[in-house]
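According to this note's numbering, the sequence shown is numbered sequentially starting from 1400.
Some hints here could point you the wrong way.
Said to hold, decoys possible - Estimated spans, in silico, between C-beta atoms of each pair: (1) 1464 <-> 1427: 54 to 60 Å; (2) 1413 <-> 1496: 29 to 35 Å; (3) 1440 <-> 1557: 33 to 39 Å; (4) 1406 <-> 1543: 47 to 53 Å; (5) 1440 <-> 1464: 27 to 33 Å; (6) 1412 <-> 1559: 46 to 52 Å; (7) 1497 <-> 1427: 47 to 53 Å; (8) 1585 <-> 1608: 17 to 23 Å; (9) 1524 <-> 1496: 18 to 24 Å; (10) 1524 <-> 1435: 40 to 46 Å; (11) 1596 <-> 1558: 21 to 27 Å.
These are computed hints drawn from the structure, not numbers from a lab.
Quick reminder that beta carbons are idealized off the backbone N, C-alpha and C, glycines included.
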Amino acid sequence: MTEQQRSYWRVSDGAAVSASQAQIVWTRAAYPALVEVARRYHAVITSADLAEAVQEASGVRTRVNQRHWIGKVLSLVVLEAHRRGDPPLTALVVHAADGKVGAGYQEVLAVAGQPPLAQEMDREQHAAAARLACYRHFGADLPADGGTPALAPRLRAALQRKTAATTTRTSAHAAASVSAAAAAPRPPAICPNCFLELPATRVCDSCGQSVAP
1400 MTEQQRSYWR VSDGAAVSAS QAQIVWTRAA YPALVEVARR YHAVITSADL AEAVQEASGV
1460 RTRVNQRHWI GKVLSLVVLE AHRRGDPPLT ALVVHAADGK VGAGYQEVLA VAGQPPLAQE
1520 MDREQHAAAA RLACYRHFGA DLPADGGTPA LAPRLRAALQ RKTAATTTRT SAHAAASVSA
1580 AAAAPRPPAI CPNCFLELPA TRVCDSCGQS VAP
């Protein structure tokens, strides 16, 4: 059986390995890989990049898309970090598409005995704080103030664009409202005695009452 015919195999000799064996090997490779990420302030890594890194480091590869197995590896990393008393290194792993840790982060909370976070941005803020704990714990070069939590760059940029777009729409709506009010015709002047519309002179033709502008 050739290397390409196997789902999981060892690069060194082409021998097949089981999915569970591969996950254990990849978890051992994932931990130091994530520690290296944690040593760079505000660094994150995508799940796809981590999947490639653990295959390269371990010498065990697969043709199975990482979406079908990286979650299990991250689950094992969560348990190992908890066992060691380390901050949750999986907070450093984000989706390439949106920069979010995603729903899988709830496992970090569960292992720590914390309640789940229903709101997506509450979860992302929690992960940002966990990343800061990782940077501090693993010796990243921090600013003098000790550093601050930060959303992943892609997510932060998306939120900034959304805020800018909302501000632009609000400003445009306000400007349109002002323009509409300015363009609206003034109601005609009415004689307070006769209740008739006044001419341009604002003097009532019927009773002679003058009405100020």
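> Hint by hint, which ones does this structure get wrong, listed from lowest number up?
Replying inline: The structure conflicts with hints 1, 3, 7, 10 and 11, although it agrees with all the remaining ones.
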